[in-house]
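*Asks:* Sequence:
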Amino acid sequence: MSADDERAFHLERAAQCRKMAEEASDPAVQRLHEQLAEFHEAEANRELTELAELAANEDEL
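First residue of the sequence shown? That's 1 in the numbering used here, and the numbers climb one at a time after it.
Just so you know, these hints were derived from the structure itself, not from any lab. A quick note: this is a predicted structure, and the numbers were derived from the prediction, not measured. Any given hint might turn out to be false.
[Claimed, not checked] When the alpha-carbon atoms are kept at most 20 angstroms apart in a straight line, the in silico SDA-like pairs for lysine to any residue are as follows:
#1 Lys19 <-> Phe9
#2 Lys19 <-> Ala8
#3 Lys19 <-> Leu32
Please model the entire structure based on the sequences and the hints provided.
*Replies:* Given below as structure tokens:
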């Protein structure tokens, strides 16, 4: 899976988790889904950072 694919996966999962948080009636379950969404967003941002670093390294060559 490419870095772009992984980033897209994590962004999609974050959106799904947020939707499940909205639909959950139990506040504890809402918070768990929100935490999962935050995790997936962090992973997507990590992928973006890695892509930027790769691009910067290629520019230096």
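*Asks:* Work down the list of hints and note, for each, if the structure agrees.
*Replies:* Okay, the hints, checked on the actual structure:
1. Taking the CA atoms of Lys19 and Phe9, the gap is near 15 angstroms; set against the 20 angstroms cutoff, the hint holds.
2. The hinted pair formed by Lys19 and Ala8 meets the criterion: a straight-line CA distance of about 17 angstroms does not exceed 20 angstroms.
3. Distance hint between Lys19 and Leu32 is fulfilled; the C-alpha atoms sit about 12 angstroms from each other, no more than 20 angstroms.
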